[in-house]
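> Each chain, letter by letter, is given below.
There are 2 protein chains.
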Amino acid sequence: MAKVTFLPANKSVEVPNGSTISQAAVAAGIAIESTCGGRGTCGKCKVQILSDAERSAGWVLACQYRVHEDLTVTLSESKDAYKRKTRLEQLNSIVLSPCIHKYLLQLSKPSVKDQIPDWERLVEALPDPNVCFNMQIARNLPKILRQSDFQVTAVLDGHTILAVEPGDTRSRCFGAAIDIGTTTMVVYLLDLNNGQVIDIGAVTNPQRVFGADVISRISYAAQGAEPLRQLQDRVIDGLNGIIAHLCQAQAIDSKEIYHAVVVGNTTMSHLFLGIDPTYLAPAPFIPVFRKAVEVEARELGLNILDTAPVVVLPNIAGYVGADTVGVMLSAKIDLLPGFTLALDIGTNGEMILAGQGRILTCSTAAGPAFEGAEIKHGMRAADGAIEGINITDDVQYVVIGDTKPHGICGSGLIDAIAEIAASGVINAAGRLAIRAKDCEKLPPLLQKRLRQTEQGGEFVIAWAQETETGEDIVLTQKDIRELQLAKGAISAGVEILMTEMGIQKEQLDRVLLAGAFGNYIKKESALRIGLLPPLPIEKISAIGNAAGDGAKMALLSTEERERASVLADRAEHLELSARMDFQEQFIKALSFPR
Amino acid sequence: MAKVTFLPANKSVEVPNGSTISQAAVAAGIAIESTCGGRGTCGKCKVQILSDAERSAGWVLACQYRVHEDLTVTLSESKDAYKRKTRLEQLNSIVLSPCIHKYLLQLSKPSVKDQIPDWERLVEALPDPNVCFNMQIARNLPKILRQSDFQVTAVLDGHTILAVEPGDTRSRCFGAAIDIGTTTMVVYLLDLNNGQVIDIGAVTNPQRVFGADVISRISYAAQGAEPLRQLQDRVIDGLNGIIAHLCQAQAIDSKEIYHAVVVGNTTMSHLFLGIDPTYLAPAPFIPVFRKAVEVEARELGLNILDTAPVVVLPNIAGYVGADTVGVMLSAKIDLLPGFTLALDIGTNGEMILAGQGRILTCSTAAGPAFEGAEIKHGMRAADGAIEGINITDDVQYVVIGDTKPHGICGSGLIDAIAEIAASGVINAAGRLAIRAKDCEKLPPLLQKRLRQTEQGGEFVIAWAQETETGEDIVLTQKDIRELQLAKGAISAGVEILMTEMGIQKEQLDRVLLAGAFGNYIKKESALRIGLLPPLPIEKISAIGNAAGDGAKMALLSTEERERASVLADRAEHLELSARMDFQEQFIKALSFPR
Numbered sequence: 001m002a003k004v005t006f007l008p009a010n011k012s013v014e015v016p017n018g019s020t021i022s023q024a025a026v027a028a029g030i031a032i033e034s035t036c037g038g039r040g041t042c043g044k045c046k047v048q049i050l051s052d053a054e055r056s057a058g059w060v061l062a063c064q065y066r067v068h069e070d071l072t073v074t075l076s077e078s079k080d081a082y083k084r085k086t087r088l089e090q091l092n093s094i095v096l097s098p099c100i101h102k103y104l105l106q107l108s109k110p111s112v113k114d115q116i117p118d119w120e121r122l123v124e125a126l127p128d129p130n131v132c133f134n135m136q137i138a139r140n141l142p143k144i145l146r147q148s149d150f151q152v153t154a155v156l157d158g159h160t161i162l163a164v165e166p167g168d169t170r171s172r173c174f175g176a177a178i179d180i181g182t183t184t185m186v187v188y189l190l191d192l193n194n195g196q197v198i199d200i201g202a203v204t205n206p207q208r209v210f211g212a213d214v215i216s217r218i219s220y221a222a223q224g225a226e227p228l229r230q231l232q233d234r235v236i237d238g239l240n241g242i243i244a245h246l247c248q249a250q251a252i253d254s255k256e257i258y259h260a261v262v263v264g265n266t267t268m269s270h271l272f273l274g275i276d277p278t279y280l281a282p283a284p285f286i287p288v289f290r291k292a293v294e295v296e297a298r299e300l301g302l303n304i305l306d307t308a309p310v311v312v313l314p315n316i317a318g319y320v321g322a323d324t325v326g327v328m329l330s331a332k333i334d335l336l337p338g339f340t341l342a343l344d345i346g347t348n349g350e351m352i353l354a355g356q357g358r359i360l361t362c363s364t365a366a367g368p369a370f371e372g373a374e375i376k377h378g379m380r381a382a383d384g385a386i387e388g389i390n391i392t393d394d395v396q397y398v399v400i401g402d403t404k405p406h407g408i409c410g411s412g413l414i415d416a417i418a419e420i421a422a423s424g425v426i427n428a429a430g431r432l433a434i435r436a437k438d439c440e441k442l443p444p445l446l447q448k449r450l451r452q453t454e455q456g457g458e459f460v461i462a463w464a465q466e467t468e469t470g471e472d473i474v475l476t477q478k479d480i481r482e483l484q485l486a487k488g489a490i491s492a493g494v495e496i497l498m499t500e501m502g503i504q505k506e507q508l509d510r511v512l513l514a515g516a517f518g519n520y521i522k523k524e525s526a527l528r529i530g531l532l533p534p535l536p537i538e539k540i541s542a543i544g545n546a547a548g549d550g551a552k553m554a555l556l557s558t559e560e561r562e563r564a565s566v567l568a569d570r571a572e573h574l575e576l577s578a579r580m581d582f583q584e585q586f587i588k589a590l591s592f593p594r
Numbered sequence: 001m002a003k004v005t006f007l008p009a010n011k012s013v014e015v016p017n018g019s020t021i022s023q024a025a026v027a028a029g030i031a032i033e034s035t036c037g038g039r040g041t042c043g044k045c046k047v048q049i050l051s052d053a054e055r056s057a058g059w060v061l062a063c064q065y066r067v068h069e070d071l072t073v074t075l076s077e078s079k080d081a082y083k084r085k086t087r088l089e090q091l092n093s094i095v096l097s098p099c100i101h102k103y104l105l106q107l108s109k110p111s112v113k114d115q116i117p118d119w120e121r122l123v124e125a126l127p128d129p130n131v132c133f134n135m136q137i138a139r140n141l142p143k144i145l146r147q148s149d150f151q152v153t154a155v156l157d158g159h160t161i162l163a164v165e166p167g168d169t170r171s172r173c174f175g176a177a178i179d180i181g182t183t184t185m186v187v188y189l190l191d192l193n194n195g196q197v198i199d200i201g202a203v204t205n206p207q208r209v210f211g212a213d214v215i216s217r218i219s220y221a222a223q224g225a226e227p228l229r230q231l232q233d234r235v236i237d238g239l240n241g242i243i244a245h246l247c248q249a250q251a252i253d254s255k256e257i258y259h260a261v262v263v264g265n266t267t268m269s270h271l272f273l274g275i276d277p278t279y280l281a282p283a284p285f286i287p288v289f290r291k292a293v294e295v296e297a298r299e300l301g302l303n304i305l306d307t308a309p310v311v312v313l314p315n316i317a318g319y320v321g322a323d324t325v326g327v328m329l330s331a332k333i334d335l336l337p338g339f340t341l342a343l344d345i346g347t348n349g350e351m352i353l354a355g356q357g358r359i360l361t362c363s364t365a366a367g368p369a370f371e372g373a374e375i376k377h378g379m380r381a382a383d384g385a386i387e388g389i390n391i392t393d394d395v396q397y398v399v400i401g402d403t404k405p406h407g408i409c410g411s412g413l414i415d416a417i418a419e420i421a422a423s424g425v426i427n428a429a430g431r432l433a434i435r436a437k438d439c440e441k442l443p444p445l446l447q448k449r450l451r452q453t454e455q456g457g458e459f460v461i462a463w464a465q466e467t468e469t470g471e472d473i474v475l476t477q478k479d480i481r482e483l484q485l486a487k488g489a490i491s492a493g494v495e496i497l498m499t500e501m502g503i504q505k506e507q508l509d510r511v512l513l514a515g516a517f518g519n520y521i522k523k524e525s526a527l528r529i530g531l532l533p534p535l536p537i538e539k540i541s542a543i544g545n546a547a548g549d550g551a552k553m554a555l556l557s558t559e560e561r562e563r564a565s566v567l568a569d570r571a572e573h574l575e576l577s578a579r580m581d582f583q584e585q586f587i588k589a590l591s592f593p594r
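Note that the protein sequences, when read in sequence, are chains L and R.
Using the numbering used here, the first residue of the first sequence is number 1, and each one after it goes up by one.
Using the numbering used here, the first residue of the second sequence is number 1, and each one after it goes up by one.
Each hint should be verified, as a subset may be incorrect.
Which copy is meant is left open, because identical chains are indistinguishable; a pair holds if it fits in one copy or across any two.
[Claimed, not checked] Straight line, CA to CA, 27 angstroms or less: simulated DSSO-like cross-link-like pairs of lysine-lysine:
1) Lys102 <-> Lys588
2) Lys255 <-> Lys539
3) Lys143 <-> Lys478
4) Lys255 <-> Lys11
5) Lys113 <-> Lys291
6) Lys109 <-> Lys46
7) Lys11 <-> Lys109
8) Lys291 <-> Lys505
9) Lys505 <-> Lys143
10) Lys143 <-> Lys291
11) Lys291 <-> Lys109
12) Lys113 <-> Lys588
13) Lys332 <-> Lys291
14) Lys478 <-> Lys404
15) Lys437 <-> Lys291
16) Lys523 <-> Lys255
17) Lys441 <-> Lys332
18) Lys109 <-> Lys376
19) Lys505 <-> Lys588
If you're looking for bench data, these hints aren't it; they were derived computationally from the structure.
Note that the structure is a prediction, hence the values are computed from the model and not measured.
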């Protein structure tokens, strides 16, 4: 064994010699960013080794470097990575009741006086012999029974036999919770015997080559069976890559993963199953299915046990998917007292309002600007991103990582909007103070930053000499309009939910921010620009990857999985495009409060 | 239309121009032998055209020759082909209740006010919306609904949707009854709307290259997963060949075949499903499964509708399979008054004794000699086979077809044994009268036919100058022993069944002979050698391919399918190898009654 100490958290853990630093980190409850699934290609898991005699102060990839003596490791100080790290939750609040059960069976041996067929011999030894015949398992059953001297472990999901394994394998029982985001796919590997998350892997959704948003992917899928299959293959291959790595890292055979629960938006759910999503795109936005779907892993080519049940949690509507149901489930949104608003704003914006026994949902397509999409110098929250802005007489900004800025990420954009609105660089209608009579009231250094170009007005956030790219980083009038439209759509959605529920903003007991958005955003700025309802800041909280947490819960507990279906059935979806009052609220919500 | 008249049956039929003679024959209820499934390669369907101006008196292949004007066709006069022809039964006694149902649905079209997903829209229009989600069907559902303006036909098997077809397709609904024999595989194509057999195709079981009997095939399969897969592939490919031909001939899309029911012996059932049959071969002869199995066609690669339920009727024991259950079902063996003995003697011999509410079964491995296997000049019943023998002062024989003899088929062998036993060429113990003191009592011409060789004694049936091969056709002492052992095993099996039932031979009300054996055998000869119990000949009847008839019944009626399972469950199997009394009866049954 070797002791690995992680800084700055100062956590230590003992691991077997030959373990990777990534494995040690998982054991220590420390998350290290990775987007290549541990293949050593993305470079994101770079860590600094301090005490290793041979490589003092050297930089290595945590997923590749193997520990052979005690050492101390310093994680990259990127605030981004720190914020992004996923908690290795204990999921302690759940009563473990996975659908997978293992039974150790000692069968009597056949003789001329006892010619019972192998299959019947097996099932009659089960607590409940009322199980369905499975051809896949029957195929190898005779050899397995005789190789193991008729002592086997049967793996069951209800009345379905999933596997028959030689000997006693009860101590090994794994499951996968899978969150298929439009941008990133995450696999959580769980031990179904104790509910622990053993490891986590993530990759960029490989469908990205067919477009960053769901609409481009739907358009591609709509071209025919082959494009649809390509999209499905990309997701499945990507997931198989993560699973293979996790299994290798944890010394697990992929056939020991007996169950998977999947969340994702409605389009991702369709594409994961290879189901034509064409009619999700145009109004009236019709999905093919809504309820939870269960298929065998081999039907999808997912590299876990062939017969493992893969459950996709239910969707609610074309743009409110299983990921939103996952949020509802993990937030226990139906059980919280009073009124709860939950927002999951990624590429798309999904909103939930629960209270008085009702669960309302709606969605708007107005999210991507907050992730930096469609924004001239927008970028994802990574090293070099301006993540915070302060404006007094001039502009101050904070950059992620120890580097010059080369763009603005979501939280930076919201900060920027809040600050330029407060300082008068834009007016309440969102117009830049380019005209002389508007501009002259501003401090001189801000005036210098405002200018007119051929493409329209813009405001300089960072001057060329300060930036990584050697170009000015600016916020254009068009960028501001994008953010304004996004904010307007979300605020209007929230207004419609509250109108439907018959409550005022002040009656909200809490606002839950799910996913990356909740992790990045500065609540103060979001409140200042009117993106969030005007509430005391302590009522607003980030709840992390709540969709993935919901998948984990459904994986560990059949009761929770059933609750997911109940929540989806109970949800009343408001189709905003069908409502006369949405446009009105939207226009109202476009302006910036001073 | 063109009129085709078949001789010697003198049956006429009108068919569309361009139909093949085979198609006309099916329409006329005339069966033409074929083993290539209509590919034009086996040459078995050769017929003579009499009145066609262009090809007067020409020989053509019925499966290839297309009719463009009225003509008269003479079938090959081979008695063999005549006897082998399968009846195109009406199966009139069955109340049609197939598991497949078609429903025409006119769905409402989606709108922003009616965003119900496609799948739910579909199932809610069904008489019972409680159906399982099917990913395969969901994949193409959106396009099918929209291409057909939301008018579709749903194909259901109970709570399972098998297909959704555009428009109204209720008039087209087909099924396949499949009989997988160790030697020959037969597919019956049925119209599930009216219960008619539309067409029949047969090929030699392509597993034959791995051995003629089940034991050699089990031995091959036991070598590992790849050999097992080869055996399965051979069966599936062979069946797909027949199905493709039948579909082409009948202008049916293979995806319009929604259901298949399969019978075969236990080994064939295992191999059809790709299930390891290794432990069927050695004692204690343990099958993997016994009950009926239902799988989707695509799981087997069977080229009918992907989702079609393929049902293998239940087995009873390692050597009493679904084919025997098919015999029980079509003979309604449990419903006949008194006591019924049914024998299905092919490569293996299966026996059923029913009466007093009981159904007993047993099997012996002693069949193949009757099919000419292990016999020096044995051959299958085809042109050139000696099929009948009469001995007075000398030997007279009857040959199948207009040709010189080149072997002896099953019925000829039984005749031969009966005649040489009656004439004293063999004694009651089966020994050839080679010794001078035995021989001298025989007529001189018979004495000449008896001789001693290095391999032992033999009796000449046909002299070299009379034969096709230019060699004597003989019956060797070893041949006689083989037939004696086979007869002994079958008689002993029948004895054991009757002992178990507690009845005497005279109490039997009928003996049913299933399959080829029943068609070929001369009852008189079989009675004379003691192969059948000594009963009035009118109590013995051949019932044709009763196993295949059972498959057709189960295909056309869910009640009959359930009855198959009930019959299999009720059957009490007697494992002869485990019985002390079997050897005793066997020895007793070896001798020939004078």
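> Compare the structure with each hint and give your call.
Going through the hints against the structure:
For the homomeric pair Lys102 and Lys588, neither the shortest alpha-carbon distance inside one copy (58 angstroms) nor that between copies (54 angstroms) is at most 27 angstroms. Neither within a single protomer nor between protomers do Lys255 and Lys539 lie at most 27 angstroms apart by alpha-carbon distance, with minima of 45 angstroms and 59 angstroms respectively. Proximity of Lys143 to Lys478 under the C-alpha cut-off of 27 angstroms is found in neither arrangement, the shortest distances being 69 angstroms within a copy and 38 angstroms between copies. For the identical chains of this complex, Lys255 and Lys11 are neighbours neither inside a copy (33 angstroms) nor across copies (62 angstroms), given an alpha-carbon limit of 27 angstroms.
In the homo-oligomer, the alpha carbons of Lys113 and Lys291 lie at most 27 angstroms apart only across protomers (19 angstroms), although the nearest pairing inside one protomer, at 50 angstroms, exceeds that limit. Proximity of Lys109 and Lys46 under a CA criterion of 27 angstroms is satisfied in neither setting, with 56 angstroms inside one chain copy and 55 angstroms between copies. Taking the shortest Cα distances, Lys11 and Lys109 never come within 27 angstroms of each other, neither inside one copy (53 angstroms) nor across copies (60 angstroms). Taking identical chains as interchangeable, the C-alpha atoms of Lys291 and Lys505 are never at most 27 angstroms apart, the minima being 32 angstroms within one chain and 64 angstroms between chains.
Within a single copy, Lys505 and Lys143 get their C-alpha atoms no closer than 66 angstroms, and across copies no closer than 43 angstroms, so neither meets the 27 angstroms cut-off. Taking the closest pair of Cα atoms, Lys143 and Lys291 come within 27 angstroms of each other only across two copies (20 angstroms); inside a single copy the shortest separation is 39 angstroms, beyond that limit. When the C-alpha separation of Lys291 and Lys109 is checked against a cutoff of 27 angstroms, the pair qualifies only between copies, where the shortest distance is 20 angstroms, while the shortest distance within a copy is 44 angstroms. Within a single copy, Lys113 and Lys588 get their C-alpha atoms only as close as 85 angstroms, which misses the 27 angstroms cut-off; across copies the closest is 25 angstroms, which meets it.
Within a single copy, Lys332 and Lys291 get their C-alpha atoms as close as 19 angstroms, which meets the 27 angstroms cut-off; across copies the closest is 46 angstroms, which misses it. When the C-alpha separation of Lys478 and Lys404 is checked against a cutoff of 27 angstroms, the pair qualifies only within one copy, where the shortest distance is 25 angstroms, while the shortest distance between copies is 98 angstroms. When the C-alpha separation of Lys437 and Lys291 is checked against a cutoff of 27 angstroms, the pair qualifies neither within a copy, at 58 angstroms, nor between copies, at 90 angstroms. Taking the closest pair of Cα atoms, Lys523 and Lys255 never come within 27 angstroms of each other, the shortest separation being 44 angstroms inside a single copy and 59 angstroms across copies.
Taking the shortest Cα distances, Lys441 and Lys332 never come within 27 angstroms of each other, neither inside one copy (50 angstroms) nor across copies (103 angstroms). Within a single copy, Lys109 and Lys376 get their C-alpha atoms no closer than 73 angstroms, and across copies no closer than 42 angstroms, so neither meets the 27 angstroms cut-off. With identical chains, the CA atoms of Lys505 and Lys588 are at most 27 angstroms apart within one copy only, with a shortest distance of 15 angstroms there and 99 angstroms across copies.
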